[in-house]
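Trainee: Sequence:
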Amino acid sequence: MIYAIKEINKRTPRPLPNYTIGFDIYDTCADVSFAIRATHELLKNHSDPHSCLLAEPKTKAVIGAGSSEVSIAVARVLALSSVAQISYSATSELLSRKLKFPTFLRTTPSDKHQTKAIAELVKKFNWKTLLMEIKKVNFTVNGTHVQFDSNGDPFLGYDILYWNMTQSKESTHITKIGEYEPEGNITVPNDLVRNKVTTFNCSKTCEPGQELKKQNKGKVCCYDCVPCADGEYSDGEECKRCKTKEYSSENRDKCLLKKDDFLKRSHPFIVFLSVLELFGIIVTIGFAVVFTIYRKTPIVKAVGGYLSFVELFSLLACFCLSLIFAGKPNRTFCKVGLPLFGIASSLCISCILANLLQILVGFNFDLKKRSWIKNFNQPLTVVTIVSGFQVIQCVIWMICYGPHPEEIILSNTILTYCDKGSDAFFITMLGYNAFLALICFLFAFKGKQLPDLYKNANLISISMLLFLIVWIFFIPIYLNLIGRYTQAIESIAILISCYGILGCHLAPKCYIMLFRKEINNEKAITEYIRNHYEQTNMPVVTS
6 MIYAIKEINK RTPRPLPNYT IGFDIYDTCA DVSFAIRATH ELLKNHSDPH
56 SCLLAEPKTK AVIGAGSSEV SIAVARVLAL SSVAQISYSA TSELLSRKLK
106 FPTFLRTTPS DKHQTKAIAE LVKKFNWKTL LMEIKKVNFT VNGTHVQFDS
156 NGDPFLGYDI LYWNMTQSKE STHITKIGEY EPEGNITVPN DLVRNKVTTF
206 NCSKTCEPGQ ELKKQNKGKV CCYDCVPCAD GEYSDGEECK RCKTKEYSSE
256 NRDKCLLKKD DFLKRSHPFI VFLSVLELFG IIVTIGFAVV FTIYRKTPIV
306 KAVGGYLSFV ELFSLLACFC LSLIFAGKPN RTFCKVGLPL FGIASSLCIS
356 CILANLLQIL VGFNFDLKKR SWIKNFNQPL TVVTIVSGFQ VIQCVIWMIC
406 YGPHPEEIIL SNTILTYCDK GSDAFFITML GYNAFLALIC FLFAFKGKQL
456 PDLYKNANLI SISMLLFLIV WIFFIPIYLN LIGRYTQAIE SIAILISCYG
506 ILGCHLAPKC YIMLFRKEIN NEKAITEYIR NHYEQTNMPV VTS
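Under the working numbering, think of the first position of the sequence shown as 6, with each following residue one higher.
The hints are simulated quantities; they were obtained by calculation from the structure and are not laboratory data. Hints are supplied without guarantee of correctness; some may be wrong.
No farther apart than 30 Å at their CA atoms in a straight line, the calculated lysine-lysine pairs in the DSSO-like style are these [unchecked claim]:
| hint | residue 1 | residue 2 |
| --- | --- | --- |
| 1 | Lys105 | Lys121 |
| 2 | Lys103 | Lys49 |
| 3 | Lys141 | Lys117 |
| 4 | Lys264 | Lys250 |
| 5 | Lys263 | Lys250 |
| 6 | Lys141 | Lys128 |
| 7 | Lys451 | Lys522 |
| 8 | Lys49 | Lys306 |
| 9 | Lys528 | Lys301 |
| 10 | Lys248 | Lys333 |
| 11 | Lys333 | Lys259 |
| 12 | Lys49 | Lys105 |
| 13 | Lys263 | Lys248 |
Sequences are here, hints too, so could you generate the full structure?
Mentor: Quick look at the structure:
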């Protein structure tokens, strides 16, 4: 084209006198966008921009484009300025419509004549039978199945190719990675779907439990699949937080409800404690039966008479209360558990204290001390006053600052336990019981020298010492421990202290009533007292 233009301008005589032809060439790259941009460049004019008159463009004609698709787009633009367009290979019949493309011309016939020519040729040679047979063709070449549908179109799919450009961008490797079948099936390896990314759209999906996250700024496609953090989940797109009482599954693809963490009643440790508690209840009831049968004997009177039944009732209450500390904590059991234990244990210890005062009064021959102690020798009054203080403070604790169930939300579980409500009331309750136990221990230790046939003082001192040791160790452990074993430790402390009183104070009395009946009478007691004071060189009156 350049050569032809130069020849026209140089020839003599000139084909176009007084005119010189120029040229401006653009490459459309067979793309509509590039073609329209080049067309706008050709139609530019350098007239006064403030003038209302549209200047005639310098471009008088445009040759191209080659394809019908690009020529149609260019023709629409050139028609606005009435610039002639001549195409050398655009054959679309659509371009023949002058109402739409008034300035379009071409040097090649349209497809209208070509298709007519082919149709006439088929008709001339009567190739109808051949066409019908071609429709029935069905064969396989290189693993590709070839056949035609009812419309005569080939029933073929597509190969899916992957263009892998090297880092130097000097070469490109084209690899077949899958295929599409006309039935609508697409075959692509799963690892490519999740991991391979094109440099143009960065389209990528992740497995459930992962999310796309920017990792490396130097990459064109800089998003990688990153596992969700603990407590998050995703369906392959974005990590989301689980709810407060949920945790993420191992694969981080869903949220699961957190389970309550507590010692179930089926736990071997709780089963063992429950057996001990039930055994304590049975033994306590058995002791109560024996005490009822032998209630008029001296040994029952020596233990405190009717106070022994109050003591047995309080021990039975403690054993029953220890049962409620097993299993999942609830509001009712948390609220009443520790306060009721404080009341029951203080009632038990106050009965022992009243019994010790009776022994001290009975064998104290110092008239001054005897009269002073005798004022306090009112068992019912002693029990009411001593346990009354504990009742008052435990009721206030239960109503105003009562224990209640609390939850600690951990990563995979919810720890449920009974909160004390008030450390001050809790320590006061245990401290008061420990104070009563200490007084009982001191009185019992002081009464060890008295003529006591049934060893009441010795056995009481042992049981109170055991009670003190248990609760002294229990307080710091309980205050600093938060976990599923908190209530189990409460049960252990209650069981040890109750079994200590039951075994050291009451069990020997039942043994005497059942197997040593010869010393369970007033004559044996009198003889024992006489021998005791004779050994201490004190005058004794005999009958």
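Trainee: Are Lys141 and Lys117 close enough, with their CA atoms no more than 30 Å apart?
Mentor: 29 Å, holds
Trainee: Has the given pair, Lys263 with Lys250, been kept, meaning a C-alpha gap of at most 30 Å?
Mentor: 6 Å, holds
Trainee: Just to be careful, I want the Cα atoms of Lys49 and Lys105 compared with a cutoff of 30 Å; is the pair within it?
Mentor: 23 Å, holds
Trainee: Below or equal to 30 Å on CA atoms is what counts here, so check Lys263 against Lys248.
Mentor: 10 Å, holds
Trainee: Just to be careful, I want the Cα atoms of Lys49 and Lys306 compared with a cutoff of 30 Å; is the pair within it?
Mentor: Violated. Lys49 to Lys306 sits at ~128 Å, over the 30 Å cutoff.
Trainee: Do the alpha carbons of Lys451 and Lys522 lie within 30 Å of each other, as the hint requires?
Mentor: This hinted pair holds, its Cα atoms lying about 28 Å apart.
Trainee: With a cut-off of 30 Å on the C-alpha distance, tell me whether Lys105 and Lys121 pass.
Mentor: Since the Cα atoms of Lys105 and Lys121 sit roughly 24 Å apart, the hinted pair holds (cutoff 30 Å).
Trainee: Does Lys141 pair with Lys128 here, judged by a C-alpha cut-off of 30 Å?
Mentor: It holds: about 20 Å lies between the C-alpha atoms, which stays within 30 Å.
Trainee: For the pair supplied as a hint, Lys333 and Lys259, is the alpha-carbon distance within the 30 Å limit?
Mentor: 27 Å, holds
Trainee: CA of Lys528 to CA of Lys301, is that 30 Å or under?
Mentor: 15 Å, holds
Trainee: Holds or violated: Lys264 with Lys250, Cα cutoff 30 Å?
Mentor: Given pair Lys264, Lys250 holds - Cα atoms ~9 Å apart, limit 30 Å.
Trainee: Hey, Lys248 versus Lys333, does the alpha-carbon distance stay inside 30 Å?
Mentor: Holds, because 23 Å separates the two Cα atoms, which is no more than 30 Å.
Hint check: a violation occurs at hint 8 only; the rest are consistent with the structure.
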